[in-house]
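Now for the letters of each chain:
2 protein chains.
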Amino acid sequence: MNKISVSEKFEQINHYWEPKIIGEVNDSYIKLAKFKDEFVWHVHEHEDEMFYVIQGTLTIRFRDGDVVLREHECMIVPKGVEHMPFAEEEVHVMLVEAKSTLNTGNVENEKTVKHLEKI
Amino acid sequence: MNKISVSEKFEQINHYWEPKIIGEVNDSYIKLAKFKDEFVWHVHEHEDEMFYVIQGTLTIRFRDGDVVLREHECMIVPKGVEHMPFAEEEVHVMLVEAKSTLNTGNVENEKTVKHLEKI
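Respectively, the protein sequence lines represent chains A and B.
Last residue of the first sequence: 119 in the numbering used here, with the numbers rising by one and none dropped.
Last residue of the second sequence: 119 in the numbering used here, with the numbers rising by one and none dropped.
Possibly wrong hints are sitting among the right ones.
[What the hints assert, rightly or not] Derived lysine to any residue pairs resembling SDA-like cross-links, with alpha carbons at most 25 Å apart:
id, chain 1, residue 1, chain 2, residue 2
1, B, Lys79, A, Asn2
2, A, Lys36, A, Thr59
3, A, Lys118, B, Glu89
4, A, Lys3, B, Glu71
5, A, Lys118, B, Met75
6, A, Lys9, B, Ile54
7, A, Lys79, A, Asn109
8, A, Lys118, B, Lys79
9, B, Lys3, A, Glu110
10, B, Lys79, A, Ile4
11, B, Lys118, A, Asp27
12, A, Lys3, B, Gly65
13, A, Lys9, B, Thr57
14, A, Lys118, B, Lys118
15, A, Lys3, B, His115
16, A, Lys99, B, Thr57
17, B, Lys79, A, Met1
18, A, Lys36, A, His72
19, A, Lys3, B, Val68
20, A, Lys3, B, Lys79
21, B, Lys9, A, Pro78
22, A, Lys3, B, Glu18
Rather than coming from a laboratory, the hints here were simulated on the basis of the structure.
Could you build the full structure based on these sequences and the hints that come with them?
Next up, the structure:
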């Protein structure tokens, strides 16, 4: 039971779009991820997902428009809503997700990460 | 489904030790709170609790020692572990908690907040 330095954890993340688990709170994982460029359109049919921007700017594209999140802004994407994260420059994001959540949701492709590393 | 500015939400919080709900992610609430001075020793028997420091310094006292959290540091207090948050100066904290979590855990006193406001 130790404190977690989010900045130090980000130093251990070397690849975009590969969330790492930094802790678990009941049925959720707290994850950190670096994003850059486009992800993939997907939906989590049964799970809400929170994005909190620690550093940089994150765009979440929806079918009816974009939402731009800057530092200290967050958004909860409700289950069932199709979305695609996008970042022009590297962005550092904290995620709160159900333990069952797969990063690419209903899609499986080269960006799918089935076994998340704990850091 | 809108983005949430954490800074703007903190401007709406006028009392210490009264967490406000800013969103829900599956079975969890995301809460914001301002703390100052001592809280109360308590335990959540069945729920883990995450504290993430947005601004300021938070001390979490445990029976075997203190943990000091600064900006961008967080800690998950596992269920069953007695603790007491303390802040010498005002601190702004994000909490991730089960929807069932009561702020004072197994204790009920003047700091207990049973019905949390959504902001």
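Quick check: which numbered hints come out false for this structure?
-> Of the numbered hints, 3, 9, 14, 15 and 16 do not hold.
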